[in-house]
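Enquirer: Here are the chains, one letter per residue:
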Amino acid sequence: MPVMSQAVLFEYLSLGAVLFVLGLIGFVARRNMILIFLSTEIMFQGVAVNLIAFGRYWMNMDGQSFVIFLLTIAAAEASLALGLVILLFRRRETLNVDVWSEMQG
Amino acid sequence: MDYALAVATALGALSIYLLLPRGRGSLVKTGALVGVLTLGAAMLYLLRWAGLQEGVSQGAGLNVFFCLFALIAVISATAVICHPRPLYCALYFVLLTLALAGLFILLFAQFMAIVLIIIYAGAILVTYVFVIMLASPGGNVTVADYDRVTTNPLLAVLVSFVLLGTVLQLMFIGKPRAFMAARPAGPVAVGMAMGHKILAGKPALADPKPTSKMGVMELLGVNLYSQYALPLELAGILLTISLVGAVMIARKNEPAAGVLGTGQMPTE
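Taken in order, these protein sequences are the chains called S and P. For the first sequence, this note's numbering assigns the number 1 to the initial residue and increments by one for each residue that follows. For the second sequence, this note's numbering assigns the number 1 to the initial residue and increments by one for each residue that follows.
Rather than coming from a laboratory, the hints here were simulated on the basis of the structure. Just so it is clear, CB atoms sit at the ideal spot from N, CA and C, and this is done for glycine as well. Take the hints with a grain of salt, since some may be wrong.
As the list claims (entries may be wrong) - Have a look at the derived ranges for each label pair, beta carbon to beta carbon:
1. S/Ser101 - P/Val141: 27 to 33 Å
2. P/Ala123 - S/Arg92: 25 to 31 Å
3. S/Ser101 - P/Phe130: 25 to 31 Å
4. P/Val141 - S/Arg91: 19 to 25 Å
5. P/Leu37 - S/Trp100: 35 to 41 Å
6. P/Gly221 - S/Pro2: 19 to 25 Å
What the hints assert, rightly or not - Simulated coverage check for chain S against chain P, where a stretch passes if three residues somewhere in it have a Cβ under 8 Å from a Cβ of chain P:
7. 3-15
8. 29-39
9. 66-77
10. 81-90
Just chain S, with the same shape it has in the complex (with noise of 0.2 Å):
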């Protein structure tokens, strides 16, 4: 693997943090609460593309293995947020998140 540079750290950073923003965007304005989970998956790619930048730069693997873990992360939440929203349409046969707003405390 030849070195790589600081400044294509950076590019793949900026990335990563665009992709981040992007899915906190989703994640606050939108209201469909499978696509609040869709934005969450956004930002752990946004995360992903840090650590394996970070990985490369440092020329050693634990970028990698630690993207292993936010895949198996991942993988739990979607299931487990899923199963929720299945749970929260039955109820009331919308995806809304407005509805359940009288959960605020």
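Could you slot chain P onto chain S? The hints should help.
Expert: Showing chain P alone in chain S's frame:
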């Protein structure tokens, strides 16, 4: 402060704000135009920046494939958060995953690229698509009301892009920092450094010792099963627990056949 970067960030914020679905008077075309302008400006900026860095650090420069995959990734991520129909969002997410797999291959993470496609595009997204189809709104509406609107789009875009702008300004100002010096120097040092790091203080792994000749997958496997063996097992347990939990949560709420204490799982 880098004003060109600030302007590009602001343009990006404007385009996302215009692209987010809104009830009346859709501005998608304007938003898309501004978005294309933003992406072009960002690419020009990166090109100029990489050219400036070329003199300072070797091998700087903009890879054509990086540009291609990064563009696809950003565009499809935007489409995921802005498309009014959830099924299309899921499909654009698959496109995002494929673009990121390409980027991972550029980063010498071939195994992670394949894993990303198999797990994300193959498993997680299929689950999402199933749930989208299961939980579609009743009647014959194509787009539900709540998919046409967003709450507080201005606030969300402002806060997020202030965050992004700050991060980018910090990254792209100034010269390469001093922490570069601490890095192993070249490909030969890599395998050595990895070997020392992985095997430091551990009873000898019988076989194989990490060397610079090992492939990416081998190195990853050695790293995972020596340095991160316990977290890996915990991750497996966590995944099992969450899957069982998901099954329990999503069970149909049927009345129990007999009285309680018959050995049946409790419903909610």
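Enquirer: May I ask which of the numbered hints given earlier this structure violates, with the numbers listed in increasing order?
Expert: 1
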